[in-house]
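**Student:** Sequence lines, in order, name chains D and W.
When you read off a place in the first sequence, starting at 1, and then add 1, the result is the number in this note's numbering.
When you read off a place in the second sequence, starting at 1, and then add 1051, the result is the number in this note's numbering.
No lab work stands behind these hints, which were simulated from the structure alone.
Take these hints with a grain of salt, some might be off.
Negatives, chain W to chain D, calculated, CB over 10 angstroms [as the list claims (entries may be wrong)]:
| id | residue |
| --- | --- |
| 1 | V1094 |
| 2 | I1102 |
| 3 | K1128 |
| 4 | M1175 |
| 5 | V1201 |
| 6 | E1211 |
| 7 | S1233 |
Cβ pair distances, simulated, as ranges [as the list claims (entries may be wrong)]:
| id | chain 1 | residue 1 | chain 2 | residue 2 | range |
| --- | --- | --- | --- | --- | --- |
| 8 | W | P1246 | D | I72 | 21 to 29 angstroms |
| 9 | D | P54 | W | I1102 | 38 to 46 angstroms |
| 10 | D | P54 | W | K1125 | 14 to 22 angstroms |
| 11 | W | L1100 | D | R21 | 51 to 59 angstroms |
| 12 | W | S1092 | D | T88 | 48 to 56 angstroms |
Here are a few chain W residues that face chain D, going by a calculated C-beta distance under 10 angstroms [claimed, not checked]:
| id | residue |
| --- | --- |
| 13 | K1064 |
| 14 | S1069 |
| 15 | F1126 |
| 16 | H1127 |
| 17 | F1212 |
Glycine included, each C-beta is placed from N, C-alpha and C at the ideal position.
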Amino acid sequence: MPVSDSGSNKELQSIAGIDRLIHEPARLIIMAYLYVVESTDFLFLMRQTGLTPGNLSSHTSKLEAAGYIEIVKEFVDRKPHTMLRLTDAGMGGFSGVSGADDEGAWVICLLEPTATLRHICNYVVKFCII
Amino acid sequence: MTQNINLKEIEKKAYRDSQQDGLMEVMMGLILMTFGGFFYSPVFAFYILLIVFAGRIVEFIRRRYTHPRIGFVKFHKDDSKDALTGVFLFEVTVIVIMFTLISLFGNVKDYSQWVDWAPLFFGMILVGPFAHAASRSGNVRYTGYAILSVILGLFFSLAEFASGSTGLILYLVLMGGFLFISGLFIFARFLRRYPLATTGGA
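Please put together the full structure from these sequences, using the hints given.
**Tutor:** Given below as structure tokens:
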């Protein structure tokens, strides 16, 4: 299918705009986990992502260098403990690639106790808006 | 380039994994059992202390046993506030509906007969936190607890006992005991599944 020059230029521009740092699969999943929680430690993130300690450390260092995540190293009971959280820049960057802001969050939050009620209310809300 | 990231599923998994130690069941079971005991004897009034300090006690045990094994995660505070509001709204709705239904069809003539229906009230009220946990974690275990609490509540409301509060006491002790024992079993399995790492730090 032939693509017009202006159309292909736009596509190329959008591809060029992709943040390669976040789009690497391992880093994308790290960002996704940090997006849904407030903060987590290294061990929990390692278990969730299934990455090895070295791999995770390397990826998180790159994300930290880019200013997407914040790493706080501390000692708890004389043992090293590393906490990670997404920065505002990381939140913005990740929302951009995942479309995470698209959900009707208030409906989901308010009616969390029962999925059925939530679905019914979502339908009602959609019906009223349409 | 299309990214398919199911954030809801990721959040559910993180929540499910953070709750896999079974300590919430243990604590909830303890509270229910002592609450049931309180109807039997005021000695069990310390259930109030359990309710007040439940979060701190669970946190203390988790810091010693859970976090060194599977790590620590902190969820967004806004989510918890919204969830609490949701559970509260659910409880109020359930109480109003139950009250109306029992008034209409429960054949209740005086106050003492309301006590007979107390187990079902408790059963329905427990559905709130269990349904919340089930929907947040996607774990069927919590749905099972919710169903069991309603079935047991209905059973102990309909069964006839010598004293009005006996049904309620038995319900609370049995439901609490079940939660306590299954929580302990889950905790023991958790400790076996995740042995403490001897080297390195998080």
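**Student:** Now look at each hint and say whether the structure bears it out.
**Tutor:** For each hint, the structure was consulted:
{"no.": "1", "hint": "V1094", "result": "34 angstroms, holds"}
{"no.": "2", "hint": "I1102", "result": "20 angstroms, holds"}
{"no.": "3", "hint": "K1128", "result": "7 angstroms, violated"}
{"no.": "4", "hint": "M1175", "result": "12 angstroms, holds"}
{"no.": "5", "hint": "V1201", "result": "13 angstroms, holds"}
{"no.": "6", "hint": "E1211", "result": "32 angstroms, holds"}
{"no.": "7", "hint": "S1233", "result": "21 angstroms, holds"}
{"no.": "8", "hint": "W:P1246 to D:I72: 21 to 29 angstroms", "result": "27 angstroms, holds"}
{"no.": "9", "hint": "D:P54 to W:I1102: 38 to 46 angstroms", "result": "40 angstroms, holds"}
{"no.": "10", "hint": "D:P54 to W:K1125: 14 to 22 angstroms", "result": "21 angstroms, holds"}
{"no.": "11", "hint": "W:L1100 to D:R21: 51 to 59 angstroms", "result": "55 angstroms, holds"}
{"no.": "12", "hint": "W:S1092 to D:T88: 48 to 56 angstroms", "result": "55 angstroms, holds"}
{"no.": "13", "hint": "K1064", "result": "7 angstroms, holds"}
{"no.": "14", "hint": "S1069", "result": "8 angstroms, holds"}
{"no.": "15", "hint": "F1126", "result": "5 angstroms, holds"}
{"no.": "16", "hint": "H1127", "result": "5 angstroms, holds"}
{"no.": "17", "hint": "F1212", "result": "31 angstroms, violated"}
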